[in-house]
Amino acid sequence: MASVISTLLISLLLLPISIVLAQTNIGIIKVGETLTAGDDAAWWLSPSKDFAFGFRPLKNDQFLLAIWYYKLAEVTTVWYANGNYPAPRGSQLELTPDLGLVLTNPQGDQMIWRSEFEGNISTKVRYGLMKDSGNFVLLDGNSSTPIWESFKNPTDTLLPTQVMELGGMLTSRINLTDYSTGRFLFQLLKTGNAVLDLMGLYSGFYLTFDTYYESGTTDPENKTGSAGYRVIFDESGYLYVLRRNNEKVYIISPEDSVQTSKFYVKATINFNGVFTLSYHPRNSSFHDAEWKIKKAIPDDICIDLIVTGFGSGLCGYNSICKLKDDGTPSCKCPTGYSLVDSDDEYSGCKPDFSMFCHGGKPSPGVEMAEVQRTDWPQSDFGLIEDCREPEDCKKSCLLDCFCEVASYNYEWNTCWKKKLPLPNGRESTQIKGVSFVKFFINSTIPSRKVSEKKKETTLIVVSVLLGSSVVINFTLVGAMCLGFLLYYKKSFIGLCRLYESSVRSNLRQFSYKELTEATNGFEEELGRGSCGVVFKGETELGTVAVKILDRMFRDNDKEFRVEVNFIGQTHHKNLVRLIGYCDENNHRLLVFEFMSNGTLASFLFEGLKPSWNRRTLIAFGIARGLFYLHEECSAQIIHCDIKPQNVLLDEYYNARISDFGLAKLLGLDQSQSQAYYKTTIRGTKGYIAPDWFRSAPVSVKVDVYSFGVLLLEIVCCRRNLDEKGNLTDLAYECYRDGRVEALVENDMEALRDMKMVERFVMVAIWCLHEDPCVRPTMKNAMLMLEGIVQVSAPPCPYLSTSIT
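The UniProt record's numbering puts the sequence shown at residues 1 to 804.
Calculated from the structure, these hints are not laboratory results. Some hints could be false.
[As the list claims (entries may be wrong)] Pairs of lysine to aspartate or glutamate, DMTMM-like flavour, derived with a Cα cap of 20 Å: (1) K685 with D729; (2) K432 with D341; (3) K294 with E255.
Model the full structure from these sequences, guided by the hints.
Encoded structure:
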């Protein structure tokens, strides 16, 4: 009996432990477990089911790897991995022992994202854990300290118990549905100051560095111990900067806090730049509950966000920003203007009219719309002091052909004349004045009259033809065709050839006249290179880039058409798409899609240094594009001239390789004919592989060498050959001497990511080896860059028989 009682007592004592052990298995993810984008229940839950980690659907059948509140009807994302690179349906996430979380495309041959954890080569992931705090962690089993956690790699949101160290940052998304890198930052600077900053529009680098909030916890030299060193969002919902002397400086003060026991609470840098503390009832019975803003920083972003450099302001050019009751901004257009993008109120406004001057005065039909308590600072070109009445200010602008807006200040009796574009427009009770915006009340009438006139002419012609006899109609049409054929015989034959060669592809056939009109007589030059000159054009397909090829392309009509059609069949997100071409008489022109953000050369070497994150994404894109050309095309393409001028950037700053296939158009036999290549060197000084100067055959490895040079330029934001010397030599010396950080000196973002910087430099040195057999293929270079394949120590890239 005694033994039975003792057994029961021991069982009762061990019961709580067994319950705890059972509970700890909830939320644990074992190595080898996977999630597939598009599958039902493609997520892992925390023990309380407050949070889920997995795939969320986006538009165009793409998916976001994210963490969100699982119990809420309204999907609220608090962390995401692949905002800049949404995953296609069928992509897979796997927890691996060596790389941690790895997200790959449906084919499994490209890595979209991976968890970069600290540790040596022997570090192995034992399991993952989705915690009730909203933090996803990876553990190696030997320590209770995670080797990777989402809390240490935040995106746009902080959650209670989350800590942000020096150099940490939150980055806004572009808008509510696009999770790409946006325009605003919340970060803890090395000086100890927590700030809100504005970045360049959709750029990923600082066009301006405009701070519109700061915590005031700076102490650069740490003389008093008052410098901030952590941003802490504690369990009670208080958000503060902790100084080194343990003093708390509240960002969200106790009186603004929310009870975390009753509400879900989050602090977010929103896409509109407002940093908010929001709360939502935890009780699932509140079906009509929604997120409410408890605190918004700054108080009025329309007023507090002043763009000091070049920039459009929060709502875009020519728009008006106004604060809503919840502390977030709204955007609207003044009279006579409409949104650039009707689906995006932050896209800015365009005038619905064209202004013309006649004798220094505006066109008839111009009026002035009055907008109270509104202003557009930083667009002034004229000032009238001691202006007695607002009406005088209005009349002065109305009679000035170059004035688009006049702003009158009641306090100072001043009148400011302004020109387009109008940046940083705002409406607020703090503005003691009125503005008058010029618009054209009859802006649509001229175009309507022209359209109606064309319709009337068409109807008359058709009526005459239909009213005639059939014989006369046939005779008339036959005479017109015969005359056309006799007069334009040569051009017509050229157009027939153009049609014959285009039926096998999706390329558009253009006549030389069409492209001349599209480019306004080849007026606006975008750039020029070894193959020809590029001009901007406008067609019914939209804005295009038209390249006039040099005379060397004019000899072989048949080969030109065959190769152009082949180029037109290559499609990849990191290649500039060929839309069409012209092959008429001696005119050889190529028509490409227009890249709005210019060349990589301008991005890297002009203006302020781009962000490290954006540069790494560009490097990945170039590598993927070259891999496609070398190994995934139906026939291999050697570019032969990889350089920053031949890499263009689209509207989202994605890398797009241009001018591929032109080497074949030049007549270069890409069958490794040694004798021919020795006398026909292709490429640009500073990027040319030594293969061209030797008897060795030229292969795709010449592109790998050029990519190595380009990769170092992306890392250092410096040209290979400049007044400082040779960048490739410097990079190898820095790597050999163990001082790679010298290559990214003063680049704080890159210095915080030295693991990736070192990997990029090592891959570049491998690519730069003078022996093409030692260089990796573009596939291996791409896998090493992305961290899928480990990069071993590269050998010295120079041979003893190097040719200078």
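- Message: Does E255 sit within 20 Å of K294, going by the straight-line distance between their CA atoms?
- Response: Roughly 10 Å separates the two Cα atoms, so the pair holds.
- Taken at face value, is the distance from the CA of D341 to the CA of K432 at most 20 Å? violated, 31 Å
- Message: Given the hinted pair K685 and D729, is their Cα-Cα distance within 20 Å?
- Response: holds, 15 Å
Comparing the model with each numbered hint stated earlier shows that hint 2 is the single one that does not hold.
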